[in-house]
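Engineer: Residue numbers (the working numbering), protein chains in the order written: chain W, 207 to 685; chain G, 207 to 685.
Hints listed in this document are in silico derivations from the structure and should not be mistaken for laboratory results.
Be careful, since some hints might not be right.
Heads up, the list lumps identical chains together, so a pair's fine if it works in one copy or across two of them.
[Stated by the list, open to error] Result set (BS3-like, lysine-lysine): computed pairs, CA atoms no more than 30 Å apart in a straight line:
#1 531 / 266
#2 244 / 677
#3 355 / 289
#4 457 / 244
#5 676 / 515
#6 414 / 537
#7 542 / 577
#8 605 / 244
#9 244 / 342
#10 244 / 331
#11 266 / 509
#12 289 / 677
#13 331 / 673
#14 355 / 628
#15 605 / 509
#16 234 / 406
#17 406 / 673
#18 331 / 234
Given the structure is predicted, the values throughout are model-derived calculations rather than measurements.
2 protein chains.
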Amino acid sequence: MAEKKKLVQAITSMEEDFAQWYTDVVVKAELVAYSTVKGCTILKPAGYAIWENIMHELDKRFKATGVENVAMPLFIPESLLQKEKDHVEGFAPEVAWVTMGGGEVLPERLCVRPTSETLFCDLYKDIIESYRDLPKCYNQWCSVVRWEKTTRPFLRTTEFWWQEGHTAHATAEEAEARTVQMLNIYADFCEEMLAIPVIKGQKTDKEKFAGAESTYTIEALMHDGKALQSGTSHNFGDGFARAFGIQYSDKDNKLQYVHQTSWGMSTRIIGALIMVHGDDSGLVLPPRIAPTQVMVMPIAQHKPGVLEKASEVRDALATAGVRVKMDDSEKNPGWKFSEQEMRGIPLRVELGPKDIEAGTAVVVRRDNHEKTAVPIDELAARIPEILEAEQQAMFDRAKAHLESHIYDALTYDEFKDTVANKPGFVRAMWCGDLACELKIKEDTTATSRCMPFRQERIGETCVCCGKPAKKLVYWGKAY
Amino acid sequence: MAEKKKLVQAITSMEEDFAQWYTDVVVKAELVAYSTVKGCTILKPAGYAIWENIMHELDKRFKATGVENVAMPLFIPESLLQKEKDHVEGFAPEVAWVTMGGGEVLPERLCVRPTSETLFCDLYKDIIESYRDLPKCYNQWCSVVRWEKTTRPFLRTTEFWWQEGHTAHATAEEAEARTVQMLNIYADFCEEMLAIPVIKGQKTDKEKFAGAESTYTIEALMHDGKALQSGTSHNFGDGFARAFGIQYSDKDNKLQYVHQTSWGMSTRIIGALIMVHGDDSGLVLPPRIAPTQVMVMPIAQHKPGVLEKASEVRDALATAGVRVKMDDSEKNPGWKFSEQEMRGIPLRVELGPKDIEAGTAVVVRRDNHEKTAVPIDELAARIPEILEAEQQAMFDRAKAHLESHIYDALTYDEFKDTVANKPGFVRAMWCGDLACELKIKEDTTATSRCMPFRQERIGETCVCCGKPAKKLVYWGKAY
Chain W
207 MAEKKKLVQA ITSMEEDFAQ WYTDVVVKAE LVAYSTVKGC TILKPAGYAI WENIMHELDK
267 RFKATGVENV AMPLFIPESL LQKEKDHVEG FAPEVAWVTM GGGEVLPERL CVRPTSETLF
327 CDLYKDIIES YRDLPKCYNQ WCSVVRWEKT TRPFLRTTEF WWQEGHTAHA TAEEAEARTV
387 QMLNIYADFC EEMLAIPVIK GQKTDKEKFA GAESTYTIEA LMHDGKALQS GTSHNFGDGF
447 ARAFGIQYSD KDNKLQYVHQ TSWGMSTRII GALIMVHGDD SGLVLPPRIA PTQVMVMPIA
507 QHKPGVLEKA SEVRDALATA GVRVKMDDSE KNPGWKFSEQ EMRGIPLRVE LGPKDIEAGT
567 AVVVRRDNHE KTAVPIDELA ARIPEILEAE QQAMFDRAKA HLESHIYDAL TYDEFKDTVA
627 NKPGFVRAMW CGDLACELKI KEDTTATSRC MPFRQERIGE TCVCCGKPAK KLVYWGKAY
Chain G
207 MAEKKKLVQA ITSMEEDFAQ WYTDVVVKAE LVAYSTVKGC TILKPAGYAI WENIMHELDK
267 RFKATGVENV AMPLFIPESL LQKEKDHVEG FAPEVAWVTM GGGEVLPERL CVRPTSETLF
327 CDLYKDIIES YRDLPKCYNQ WCSVVRWEKT TRPFLRTTEF WWQEGHTAHA TAEEAEARTV
387 QMLNIYADFC EEMLAIPVIK GQKTDKEKFA GAESTYTIEA LMHDGKALQS GTSHNFGDGF
447 ARAFGIQYSD KDNKLQYVHQ TSWGMSTRII GALIMVHGDD SGLVLPPRIA PTQVMVMPIA
507 QHKPGVLEKA SEVRDALATA GVRVKMDDSE KNPGWKFSEQ EMRGIPLRVE LGPKDIEAGT
567 AVVVRRDNHE KTAVPIDELA ARIPEILEAE QQAMFDRAKA HLESHIYDAL TYDEFKDTVA
627 NKPGFVRAMW CGDLACELKI KEDTTATSRC MPFRQERIGE TCVCCGKPAK KLVYWGKAY
C-alpha cells in the first residue's frame with residue numbers, strides 16, 4: 207500500500223501554491239527523499255536516472271571538444287583554499303570543516319570542497335611546464351558541499367551533484383574562447399535535450415563567481431515567472447595562475463602565466479526541468495532526456511492475448527531504440543495512468559482487447575494529453591516520430607512562455623511596477639554602477655540576471671539613476 | 207620537456223624492487239598524481255579513463271540484474287553511525303569528522319561516509335512498508351573516506367572511489383542468493399574484462415565486514431605472489447534491520463524484518479590490473495578494458511603519403527569499433543614506442559614508407575612484444591582478432607601464474623617454510639578457532655584470505671594446532 211499512498215493523493219495546484227506544487231512533484235514523482243542529514247537530500251532511482259542521462263549527454267559533448275575526466279580529492283586544506291583572496295572570501299563562510307581524522311585532531315583543518323579551483327590550480331602548477339603541455343582541459347563529476355540554512359530539493363541543498371570543468375591555456379584569447387564554447391554547450395544542451403530555452407549573457411561584477419574576471423551564464427524562466435541560473439562558465443584570466451604560480455615556458459623559452467577557465471552545471475538543472483515543463487498532474491519530461499519514454503499499458507490484462515500483444519509491442523519498441531517499459535501490475539488502469547503522468551513519462555500506449563481486435567493502440571502524449579489511434583504494426587515506426595514531435599512542442603511552448611514574459615522598462619516606475627505585477631524578465635538599461643544594482647534589489651527584490659550577449663539599446667539612460675546607460679540587463683526574481 | 211622527463215627515465219625493475227616498480231608505473235603511466243591533501247590521490251585522465259570503463263561495464267551488469275542507482279548524502283550523523291554496534295566499532299576509528307559548517311560549530315558531528323550501510327538503512331526504514339516494496343536493490347557510485355596512515359595509490363588511500371550496492375529482501379534465502387550473485391558478477395567481470403583469475407570464497411569471522419553475518423570475497427594473486435582482496439559481498443541477515451527497525455508486512459499482514467546485503471568494488475582493482483599484468487616496460491592493459499586499444503604510429507611521417515595512410519588506417523579501425531589513436535607528435539619513433547608501452551596500450555601499428563610500399567603494416571602486441579605483418583587493407587578485420595587473442599593470452603598467463611603459486615601445507619613447519627620462501631597462496635586445513643588464525647598471522651604475517659567455495663579435505667587436522675579440521679583455507683600475505 208506504501209506505493210499507493212504516495213501517488214494517489216492529489217498534488218497541490220501550481221496556480222494555488224507553486225512552491226508546494228514543486229515539493230509535491232519532487233516527492234510524489236519519487237525523484238528525491240529528504241535525509242536525516244540536515245540540508246542533504248537523497249536522489250532516488252527516478253531522480254538519479256535523469257541525472258545519469260544528463261551526465262551521459264553532457265560528457266559526450268565535453269569529450270568531443272577534447273575534455274578529459276579526472277577525480278580530485280574531496281578535501282581542501284585551509285591554506286590552499288586561502289591562496290586566492292576573492293575566492294576564499296566568497297566560499298569560506300559556507301564550507302564544512304573536517305577537524306578530526308583517524309581519531310586525532312588534525313594539524314590543519316580541511317574543508318569539504320565547495321568547488322575545486324584551488325585543487326586544480328595546485329595540480330596544474332605541478333604538471334604544466336611548457337607550451338607543449340597546454341591546453342589542459344580537465345573535468346570531474348562529483349558532489350560538492352556549501353552550507354545552506356534552508357533546503358529545497360535540487361535548488362538549494364547543502365550537498366549537490368555537478369560537473370566542474372577546469373582548463374588552462376597559453377593565451378587570454380584561448381581562455382575566452384573556451385569560456386564561451388562551454389557556455390554554448392550548456393545552452394545547446396538545455397535547448398536540444400531539455401527543451402528549455404535560455405538567455406545567454408554575462409553576469410555583472412556583483413553576481414560573478416568569486417575570483418573570476420568574467421562569468422557567463424544561461425538563465426531560464428520557470429513557469430511561475432522566476433529565473434533560474436542554469437549553468438555558468440568563468441574566465442579567470444591569469445588571476446589564479448599568479449596566486450598559485452602556474453607558469454609555462456613559451457616557444458621563446460620565456461616564462462608566462464597560464465589563463466584559466468572553469469564551468470559547471472549541477473543537479474539544479476533538474477529543478478528547471480520540473481518547473482519549466484511540469485503541470486498539475488505532475489512531472490513532464492522531455493522525451494530525449496526521459497529515462498523511460500513510453501509506458502505500455504495492457505488494459506483488461508487478464509483477458510487472453512492482451513499481455514502477449516502488449517509484450518510484443520514493448521519488445522518491438524525496444525528494438526526500435528525506444529526506452530520502454532510495460533506496467534502489468536495489478537493496479538487498475540486509471541491508477542496506472544496517474545502514476546505514469548505523475549512520473550512524467552512522455553507517452554503511454556493503451557492496449558486492450560478491443561484495440562487488439564481493431565488492430566490499433568491508443569497513444570497518449572503526456573505534454574498535451576492528445577490521443578492518437580495508431581495501427582499496432584506501425585507503432586515502432588510512429589512512436590519515435592511522436593516522441594520527437596512532443597519534444598519540439600515542449601520546446602516551442604517553453605519558448606513562447608519565455609518570450610511572452612519578457613518586459614521592457616524605460617522608467618523606474620515602470621520597472622518597479624513590472625517586477626511587482628508581471629512575473630518574468632524585465633529588460634532595462636543600466637549605468638554599470640553597483641549602487642543602482644543594490645538599490646534595485648533593495649526596492650524590488652529583483653537581481654540582475656545577465657547582460658545578454660545580444661545587446662540592444664532600448665534607452666539612453668540608466669533605468670534607476672538616469673545617468674548614461676552602458677548595458678542592457680535582464681532583471682528578475684530568481685531561485 | 208615536462209612530458210619527456212616523466213617517461214624517459216627507466217623504471218625500476220620489478221624483480222629488483224616490486225614496490226618501487228609499482229610506484230614508478232603508477233606515476234609514469236600518468237594514472238595518478240599525489241595531492242597536497244595527505245593520504246589523497248588524484249586520478250589523472252589515463253587513470254580515470256580505466257575507472258570509467260570499469261564503471262560502465264559493472265554498471266551494465268548490475269542493471270541487468272535489476273539494480274537501480276541512487277545518490278546518498280556524503281555525511282553520516284554520529285548517532286546514525288552508532289546504531290549498529292559491530293559496524294560502528296569497525297569504522298569509527300578511521301573516519302573523518304566534520305565539526306563545523308556554515309561558520310558554526312555543529313550540534314552533532316558528522317562523519318564523512320566510510321561506507322553507507324547506515325544511510326541506506328535509514329532510507330529503507332522509511333520507504334519499505336509492504337512485501338510489494340521488496341526487493342530494493344540500490345547502488346551508488348561515489349568516493350568514501352577511511353583515514354590511513356600510509357598511502358599507496360589505488361591500494362591504500364584515505365579517499366577512494368567505488369560502488370556500494372545495498373539490497374533489502376523479504377527472505378534470508380533471497381538475501382543469500384543476491385550476495386552470491388553479486389560475488390559472481392565481480393568474479394566474472396575480473397576474469398572476462400580484466401583478465402584476472404580469482405579465487406572465490408568466504409571470509410573467516412575475523413576478516414568479515416563489520417556488522418555482516420558472512421562476507422564473500424574474490425582474491426587475486428599479484429605478480430609478486432601477494433594476494434589482493436578484489437571485491438566483497440556481504441550478507442547482513444536481519445542484523446541491521448533489527449537495529450534500524452526495517453520491517454515490512456507480509457502477505458498475511460504480519461510484520462517481518464527484511465534481510466539485507468551489501469557489495470562493493472573499488473579503484474583498488476586498478477592496483478590489481480597493474481600488479482597482475484604489468485612488466486618492466488610499464489603498464490599492460492587487457493584490450494577489453496583499455497581506454498585506447500591501438501596506437502597507430504606513422505614512421506618517417508614527414509615523407510609524402512605516410513600521415514594520410516596512417517589517418518586512413520586510424521579511421522578504418524575506429525569504424526570497425528576499435529578504440530584507436532594516432533601518435534603524430536614530433537617525437538622519434540623509439541620514444542613514441544616507449545610511451546605507448548609505458549601506458550599499456552595493447553597494440554601499436556607501425557606504418558612507414560616501406561610498409562606502405564609493401565602494402566603491409568607491422569602490428570606489435572604489448573603483452574609479449576610479438577610482431578605480425580598484416581596487409582593494410584586487412585587491418586580493420588584482423589586487429590579485433592589480435593586484440594581478443596591478446597586478451598585471452600593475458601588471462602591464460604595470469605591463470606598459469608596463479609596455479610603455479612598455490613601450495614598445499616600439511617604440517618605447520620611446511621606452512622611456515624612455504625610462507626617464508628614461496629610467494630603465493632598456501633592452502634591448509636583449519637580448526638575454525640580464532641586463536642590459530644591469530645597465531646599464524648603472528649608467526650608468519652600471512653592472513654586467511656578465504657575459505658574457498660570449492661572445499662577439499664587435504665588433511666584431517668588443523669595445520670596450526672592439530673585439532674580436527676573444519677575448513678580448507680587459502681592463506682597468504684596480502685596488500
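Engineer: The structure should be examined with respect to each hint, and the outcome stated for every one.
Structural biologist: Now the hints, each set against the structure:
no. : hint      : in the structure
1   : 531 / 266 : both (26 Å within a copy, 17 Å between copies)
2   : 244 / 677 : neither (41 Å within a copy, 47 Å between copies)
3   : 355 / 289 : both (27 Å within a copy, 27 Å between copies)
4   : 457 / 244 : neither (53 Å within a copy, 36 Å between copies)
5   : 676 / 515 : neither (65 Å within a copy, 55 Å between copies)
6   : 414 / 537 : neither (51 Å within a copy, 43 Å between copies)
7   : 542 / 577 : within (17 Å within a copy, 62 Å between copies)
8   : 605 / 244 : neither (37 Å within a copy, 50 Å between copies)
9   : 244 / 342 : between (37 Å within a copy, 24 Å between copies)
10  : 244 / 331 : between (37 Å within a copy, 18 Å between copies)
11  : 266 / 509 : neither (45 Å within a copy, 35 Å between copies)
12  : 289 / 677 : neither (33 Å within a copy, 58 Å between copies)
13  : 331 / 673 : neither (45 Å within a copy, 62 Å between copies)
14  : 355 / 628 : within (29 Å within a copy, 60 Å between copies)
15  : 605 / 509 : neither (45 Å within a copy, 55 Å between copies)
16  : 234 / 406 : neither (33 Å within a copy, 42 Å between copies)
17  : 406 / 673 : within (26 Å within a copy, 78 Å between copies)
18  : 331 / 234 : between (48 Å within a copy, 18 Å between copies)
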